[in-house]
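Following the hints, complete the assembly by docking chain P onto the known chain W.
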Amino acid sequence: MVEILEEKKGKDGRPIFVIKKSDLLEFMRQKKQEGFDHLSLITGVDRKDYMEVNYHLYSFSKNQYIVVKVTTDNLTVPSLISLWKSADWEEREQYDMLGIRFDGHPDLKRMFLPESWVGHPLRKDYDLNNVQYINMDEYGEDYATFDPGDGW
Amino acid sequence: MSNLVELNMGPQHPSMHGVLRLRLKLDGEIVREIEPIIGYLHRNAEKLCEMDYFCDNIVYFDRMDYVGAMNMEVGFLEAAEKLLGVEPPERAQWIRVVAAELNRIAAHLVWMGAFGLDLGMLTPFFYCFIEREKILNIFVELSGTRQQYNYMSIGGVYQDITPKIIEEIKEFIKQFPKKLEEIANLFLKNDIFLSRNRGLGVIEKETAISYGVTGPILRASGVPYDVRKEEPYLVYDKLNFDIPVSQKGDNLARFMIRLEEIRQSVKIVDQAITKIPDGPYFNPKAKKSLMIRLRGEGEVYARTESSKGEFGVYIVGDGGVKPYRVHVRSPTFKNLSIIPAVAKDKMIADLIAILGTFDLVFGEIDR
Numbered sequence: 010m011v012e013i014l015e016e017k018k019g020k021d022g023r024p025i026f027v028i029k030k031s032d033l034l035e036f037m038r039q040k041k042q043e044g045f046d047h048l049s050l051i052t053g054v055d056r057k058d059y060m061e062v063n064y065h066l067y068s069f070s071k072n073q074y075i076v077v078k079v080t081t082d083n084l085t086v087p088s089l090i091s092l093w094k095s096a097d098w099e100e101r102e103q104y105d106m107l108g109i110r111f112d113g114h115p116d117l118k119r120m121f122l123p124e125s126w127v128g129h130p131l132r133k134d135y136d137l138n139n140v141q142y143i144n145m146d147e148y149g150e151d152y153a154t155f156d157p158g159d160g161w
Numbered sequence: 004m005s006n007l008v009e010l011n012m013g014p015q016h017p018s019m020h021g022v023l024r025l026r027l028k029l030d031g032e033i034v035r036e037i038e039p040i041i042g043y044l045h046r047n048a049e050k051l052c053e054m055d056y057f058c059d060n061i062v063y064f065d066r067m068d069y070v071g072a073m074n075m076e077v078g079f080l081e082a083a084e085k086l087l088g089v090e091p092p093e094r095a096q097w098i099r100v101v102a103a104e105l106n107r108i109a110a111h112l113v114w115m116g117a118f119g120l121d122l123g124m125l126t127p128f129f130y131c132f133i134e135r136e137k138i139l140n141i142f143v144e145l146s147g148t149r150q151q152y153n154y155m156s157i158g159g160v161y162q163d164i165t166p167k168i169i170e171e172i173k174e175f176i177k178q179f180p181k182k183l184e185e186i187a188n189l190f191l192k193n194d195i196f197l198s199r200n201r202g203l204g205v206i207e208k209e210t211a212i213s214y215g216v217t218g219p220i221l222r223a224s225g226v227p228y229d230v231r232k233e234e235p236y237l238v239y240d241k242l243n244f245d246i247p248v249s250q251k252g253d254n255l256a257r258f259m260i261r262l263e264e265i266r267q268s269v270k271i272v273d274q275a276i277t278k279i280p281d282g283p284y285f286n287p288k289a290k291k292s293l294m295i296r297l298r299g300e301g302e303v304y305a306r307t308e309s310s311k312g313e314f315g316v317y318i319v320g321d322g323g324v325k326p327y328r329v330h331v332r333s334p335t336f337k338n339l340s341i342i343p344a345v346a347k348d349k350m351i352a353d354l355i356a357i358l359g360t361f362d363l364v365f366g367e368i369d370r
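Chains as they are written, first to last, in the numbering used here: chain W, 10 to 161; chain P, 4 to 370.
Hints listed in this document are in silico derivations from the structure and should not be mistaken for laboratory results.
Not one of these hints is a red herring.
Calculated pairs, EDC-like style, for lysine to aspartate or glutamate (alpha carbon to alpha carbon, straight line, at most 20 Å):
(1) P/K28 - W/E147
(2) W/K18 - P/D321
(3) P/K325 - W/D136
(4) P/K50 - P/E300
(5) W/K18 - P/E300
(6) P/K349 - P/D30
Distance ranges between label pairs, derived from CB positions:
(7) P/G31 - W/Q42: 42 to 52 Å
(8) P/M350 - W/N139: 41 to 51 Å
(9) W/N139 - P/D59: 21 to 31 Å
(10) W/D58 - P/L120: 43 to 53 Å
(11) W/S70 - P/V324: 36 to 46 Å
Partner residues are not named here, just some residues of chain P that face chain W (Cβ under 7 Å, in silico):
(12) H45
(13) K50
(14) I212
(15) Y228
(16) G301
(17) V319
(18) R328
(19) K337
From a predicted model like this one, the values you see are computed outputs, not experimental measurements.
Yeah, the Cβ is synthetic: ideal placement off N, Cα and C, and Gly gets one too.
Bound conformation, chain W alone (with noise of 0.2 Å):
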């Protein structure tokens, strides 16, 4: 059974459902046979000491708009990409920007950045002086270089 730690309102009144993060897929999958057939959005959240990710469900049938939050402390969450096909570019993307791993996609790399990016930008702690170039090599594939010193 799904335990739900705590459903509340959120200030545009859509339903906020916390769960576990070890229960989400299992959740996830009664929720597409309610008939939320559209994942609309994977929102990551640094909070600093732990990592929220948010996903947002939507019913096109019943009209309806709920969201589901779990909470990791480790990075990994599992993938939903057995569910829907969208989860795909979005996991990419919450990867990319904050690092959160998803467990279970097939082929999990960045989606913005090039791969030899360092860091991921939109964590809390990101360091923004540190300068970084993109070069594109002989055979078109993306590398990031670093300022070599005191540039500007």
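Then chain P, alone, in the frame of chain W:
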């Protein structure tokens, strides 16, 4: 045994609508595998938003969908105003609807012209841009700029709409439908255009839903989903308009949906422009000197219908004067993810035609 040729298309390519790069595997002229690679216009607007006051964030949204910036501003303000607890006065809401719908017409005209160019039709492009220019001239008077307006602000709009601008909009609306039919005829009476698009790039309803596709593409596949009807924001519930839906799901259906949407937007502007009530255009709670002191706590997701699909903004506030986390649900980002499934096993020239109907704007995909 495989004799597939690997081809790199983009990021600099005339038919890529910005900086999309496709890694293709070709079997002769047939595309067997497609991998979109994006990020060449990535500025990380979400991080920039975290570093600025709520009222200053609007400029980053202007630069997302740069052909439909008014819609982006509406989308951000729907979320931000809920979070900050500032309600725009009624006059401002009507002005926003007029501006957003005019911008939707302009954005669809840009798409229509560019789609013609993709298929080798040069003439409609100019006709579309002549009409779009008239809308942009109205926006210049309204906000001062042609494309990145920064016109709406928290608690209203930055400048009132004058009777002169209202007259100009009325004049535009009066002459536009005739011109639109002229443009549509350039496409729809062209046999080559019809035979190239009919039955091409069919997206099934289930596939579209699974990939999270929204907007005209989803409506062309038979789902009557439009946020303006499902969850009306601003004053859309007081306006009378229809949502065009098609069951075919091919290129031509997507063209017809967008064409009909322009007509519906004309209808909306026509109604809204006469209904703008008198009163303040700005909520005094958010006047300029107080604006940077507004604090937001909690989390808000607001969705709006931009010209490309469901544009959602998710803001988390920690009680400070700056947002803690902003996440943008950009419609074209999700629409693009269906390309590998749709354009597989098609000719490479058809891939361009299918991409053309997706209305890609890279400011929004890469953010």
